[in-house]
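Undergrad: These are the residues of each chain, in order.
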Amino acid sequence: MPEIDARRLTFKIVYYGPEQGGKTSNLLRLRELLPPERAGEMMALDTRGGSTLLFDLLPFGFRSESGLLVKFRLFSVPGKTAYDATRKAVLARADGVVFVADADRSLEAINRESFRRLADDCAEVGLAFKYLPLVVQFNKCDLPNAVPEAETRARWSAAPWPLVFAAANGGRGVTQTLEALLRSLHRRFDGECALRARHALDEDTFVVRAMGGG
Amino acid sequence: MSEPAFDREWRLVDLLDTAACEKVAAALAQLLGGDLAIIDALGDPVCGSLHPAARREPLVLELEPIGYLGSATAGADALRAARDLLLALLRCQLRCTMAVALHQAAAAGDFVSLAREQTRLAEAEARCAWLSEELDDRVRKQVHELGERQQALYLADKLSSVGQLAAGMAHEINNPLAFVRSNFSTFERYLGQIAQLKTQLANAEVAWPALDLDFVLEDSRDLLHDSAQGLERIARIIGELKEFSNVDRAVEEFSDLNECLHQAAVIVEKQLPFGVAIRFRLLPLPGIICLPGHLKQLFFNVIGNAAQAIRDAGRPGEITLSSEVDGKNIVIRIQDDGVGMTAEQIEHAFEPFYTQRPVGSGIGLGLATARSVVLAHGGRIALDSRLGAGTTVTLFFPLPQ
Ligand SMILES: Nc1nc2c(ncn2[C@@H]2O[C@H](COP(=O)(O)OP(=O)(O)O)[C@@H](O)[C@H]2O)c(=O)[nH]1
Ligand SMILES: [Mg+2]
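First to last, the sequence lines map onto chains A and B. Count the first sequence with the working numbering and you get residues 62 to 275, in order. Count the second sequence with the working numbering and you get residues 18 to 418, in order.
It should be emphasised that the hints constitute simulated quantities derived from the structure, not laboratory data. Just to be clear, a hint being listed does not mean it is correct.
[As the list claims (entries may be wrong)] Computed Cβ-Cβ distance ranges for the label pairs, DEER-style:
1. A:Ser167 x B:Arg28: 43 to 51 Å
2. A:Gly273 x B:Ile363: 54 to 62 Å
3. A:Asp203 x B:Asp243: 51 to 59 Å
Ideal placement from N, C-alpha and C gives every residue a C-beta, glycine not left out.
Next comes chain B alone, as it looks inside the complex (with noise of 0.2 Å):
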């Protein structure tokens, strides 16, 4: 089994990243008016540095602790309630996380039944919904409680991504299943039809026509061509989500981002219309330290939605992909100048499964996919769309110092 196993022992970076561990260590340390450092089980920092005299209080979600929440300056009693609050944190997201890796694992165990499961996961998303209104109710109760007025400092958006998550695999893949399933019903039927020439070989030339053979054997091959197709369609969706929830497992290399560029647009070059055209405007890059195999899909994914913005556009256009150095960055852009974005699909345009086009043509997890693999690099990723005018991509990934 490739996926992590929903039942594992959950440890602190997989349930907050640095990104995550950052905000919250940050609006903590501002409550208490003081420092705060967040560590792990094994005593090493994940955010903020530990004072050797600091007050440790440990997070214990099951039996013992996966981290300490540790500050020099704050109170016995004001870090206990601080930690209290970091708790009710990660506990809604290890069920929010629990919960993901037990439907991938179902969903990987035994897809066909997922159509019969599609109310369960409405259910989930439900679940998940009301998970981020509890978090809020508690996280304002506690905040209250610290004598302070600060919100905000959860992870309520990646919530509702999750149940968005599950909600929008169901859909997907609930289409293609229910025609495969009709077609096989159909096709069940014409072998009983063709079954009955079997009584009547004497007259063969007679049962041909009256049981109507050409129009089935005609029938069924559309209907395997549109089987198979329909099949197709739901390994790709399964694929895109193994990809969605692959970022944390992959070689890192010292690699050239420009090469990781240009080979992820000699792909799509490949399928590019008449009238599209990649424009490169590389400059010389330093290496780093990176994941090059997730990078070039990360690539892929965003040159594939620019051509496609332009053929949305129908009318002739230029991607233009360019890099440079600027300060403590890498800076890559990816340019179009297709149909661009209106305000609300740049709104959700990183949410999985949020996509405006047609069901069937990819499932949308291109730019929610991009933003975990810049994230896992430290990076970061923004959005500049005009519509009918086209979108830039920028992406940023850190130098190190």
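Here chain A stands alone, though its shape is the one from the complex (with noise of 0.2 Å):
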């Protein structure tokens, strides 16, 4: 549930996916994809090697007509599985999840042990995990090795969440992942925080302006 004042609304959202998948990378494009003056600074708590040791964080938004404040903090989690407890701390109070998967072939047994793992964390944390406004990202389709996408597809046609294509180096798919994300995150959080209700915000107007537009 995400954290409302008169003033302020605040949207957790959590990167969650396998080591070295590309989260760290979908949040420094982020910021620079979005307008500077809506994003305040990355922090990033990694190690020198550039792994993420404990989680980061990007903050951005913008006000709604109606004057509130509606704010969304992203952040990303530690691979390692030796990090499980951090993980599971970052996790906890999450209003939205993006999952991002890498493409490479012979990461999928990798990919669905992680994917798995986020239903038990959810679990652990307490967030519910059907209910919980998810994206998937397969990330790193630049790759000679990605499993094309029409594969993909296929295997994940039973799944409810939305599936984004990206490489998130270059910046592709990783503006599309979180407008996705938003989507899920309006209709999920619409009624409870009087998004339409009270500011004005229906689902287009709030993921525009959310993403620098308006």
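Fit chain to chain and form the complex, with the hints in mind.
TA: Written out as structure tokens, the structure reads:
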């Protein structure tokens, strides 16, 4: 449940997925793709080697006509399985999740394992996985060893979540992924947060404003 | 969840307590050569007072200001430079504050896996050490830009304590975890041995000694007993950590410090060995608004340390508790004639996890906790000790003007 008070509504979005899948890259590109005045400084708690040690945090947001500051805080979890407890603690209280899979064919088992862990972690930190706004991103589609889009779509055809194919490094698919998640967030929380009723934010306006338009 | 969540929106006062804020503001004012105030997001002063005509610069960590830096005399550029310096400091503080809060959440949620995470904690420690280096660097650069030669407006000591806290916790918990784990695997093996008896029940009299079950039973009892103690120890460490991080959440009451001191002393007294006595020299005190729960805990810790110091000296001794009002403060003194401390011990005494006692005999959060409790009361703590002669801890609590 997002935090809401009279002046501010804050959504917590978590980028989750296997180590080295491209979560941090997603946030870094978003920082460049969003209008600079709408995004805050990115905070990375990483090792000197660059792998995420605790989490990354990118804040961004917009102000609605009604004067409400709508804020999104994008976190990424550490990938290594050794950081189980930390990953769960970062995931806790998420309002939406982007699952970043590595499209490399040789990593399919690892993706599956990580996705299963997402479901487990959700249960452990008290998130209802079934109702969680979730988008699945297949990243590194630029690599020759990537599973082709058609094949992945066929395999995930039964899944209810939006699938986005991306090459986060070059920025491809990064904003689409976030947009897709924002749509799910709107659908899930419009009622509770009175987005349309009190703040004149229908789904399209919400997404367009959040992404820096309007 | 009772701990402050790592992903909360941290306020200015969460990142810089009043004492730190005053230190920073004083240094910045000096650099700017004029007046300076720090106010929070709502415009209330955190330190200094804002001149009505003051120029303001927002302090933005994420999107919206968590406070402002204001000055009536400083030029726009100088004030912005000072703001940038303060922001760099706040960012470093934010990282460490979030890292520690996240560690606590992770530890509370799943502390069995802490053993596996020991390396990670070590990394975090290195990280914090690096942070304070980076902070030093930035401060130096900025100070230079401001055209002054002043250093020293940062909390490097605080940052390094954070790393120490993480590493100390891993170290202390790892030990009991390792032997509990090893005990369990031995016990599992024993269960296998006991199970074998089932196949030889008809011949139990022969099978029992052949399987060495007398020994197995006795050793199992020991294993479980030791394991229970190990878990107890871990629980105690977690408890102490909780206490350490609890200082800003408690009920304020109008209380008599003599009473708090007395109640704490009574508890310690019950556990005192023969030959250690407590003497009271309490003068009447005015009541003050305070956090009596924390204060009792604080007194308990310090008196406990005093008792331990006498025990360590291996001779009879006395703990003297005195209180008085000295002008603007209530002064409380806890004095012992125990072993005393070395210069090195004194230097590190207020750092979390600094203890010279063997692993398992308490984790050295006593004085660190004491200090944060006293600071939360706007007071001050002083330590005076001579090796072989004893230690005096003096606590000052300001009286309301
Ligand atoms: N070829 C390619 N490499 C990528 C892509 N996205 C990320 N990478 C690289 O993959 C590595 C891991 O990325 P990172 O964002 O740190 O992954 P994280 O562990 O999920 O945060 C880095 O070396 C990135 O440069 C992509 O779309 N294509
Ligand atoms: Mg990362």
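Undergrad: Using the C-beta atoms of A:Gly273 and B:Ile363, is the stated range 54 to 62 Å upheld?
TA: Since the Cβ atoms of A:Gly273 and B:Ile363 sit about 56 Å apart, the hinted range of 54 to 62 Å holds.
Undergrad: Tell me if the beta carbons of A:Asp203 and B:Asp243 are separated by a distance inside 51 to 59 Å.
TA: 56 Å, holds
Undergrad: A:Ser167 and B:Arg28, beta-carbon distance inside 43 to 51 Å?
TA: Check passed, 47 Å falls within 43 to 51 Å.
Figure legend: structure checked against the earlier numbered hints; every hint is met.
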